[in-house]
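Residue numbers (my numbering): 139 to 239.
There could be a bad hint or two in this list.
[Unchecked claim] Heads up, simulated DSSO-like pairs for lysine-lysine below, C-alpha to C-alpha not over 30 Å straight-line:
1) Lys233 to Lys183
2) Lys153 to Lys195
3) Lys190 to Lys140
4) Lys183 to Lys195
5) Lys153 to Lys186
6) Lys229 to Lys186
Simulated from the structure, these hints should not be mistaken for lab results.
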Amino acid sequence: MKLQMHSIHFDADRKLIDFIQKKADKLDTFYDRIVDGEVFLRLDKNEKNENKIVEIKMNVPGKTLFAKHQSDSFEAAADEAVEALRRQIKKFKEKAAVANQ
């Protein structure tokens, strides 16, 4: 799946980008008609440890799915965001199947 990566106010290293791409590619196993997606990596300017934010937008035919998670590492936030998208994709697929009956 084609993903555009945007790291806001910092440069993400190749390892992090590859990690997120690999996680997102697993979503294709749940729904093979995902068009593309965008990932935004942000550092929140607060004093807490949980200042890494990952936002993922996925385009599927007729709808845009979105997930945003904040954690103490980009990897953990990406895991949570991908898991949220997986649930959304399953729900979207079920609704599409009911509509096609």
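Hint check:
Our distance criterion of 30 Å between C-alpha atoms is broken by Lys233 and Lys183, whose separation comes to about 39 Å. Among the hinted pairs, Lys153 with Lys195 is consistent with the structure: their alpha-carbon atoms are about 21 Å apart, no more than 30 Å. Note on Lys190 and Lys140: the hinted pairing holds, with a Cα-Cα distance of about 23 Å set against a maximum of 30 Å. Restraint check: the Cα-Cα separation between Lys183 and Lys195 comes to about 23 Å, which is no more than 30 Å; the hinted pair holds.
About 24 Å separates the Cα atoms of Lys153 and Lys186, which keeps this hinted pair within 30 Å; it holds. Simply put, Lys229 and Lys186 have alpha-carbon atoms about 33 Å apart, too far for the 30 Å limit, and the pair is violated.
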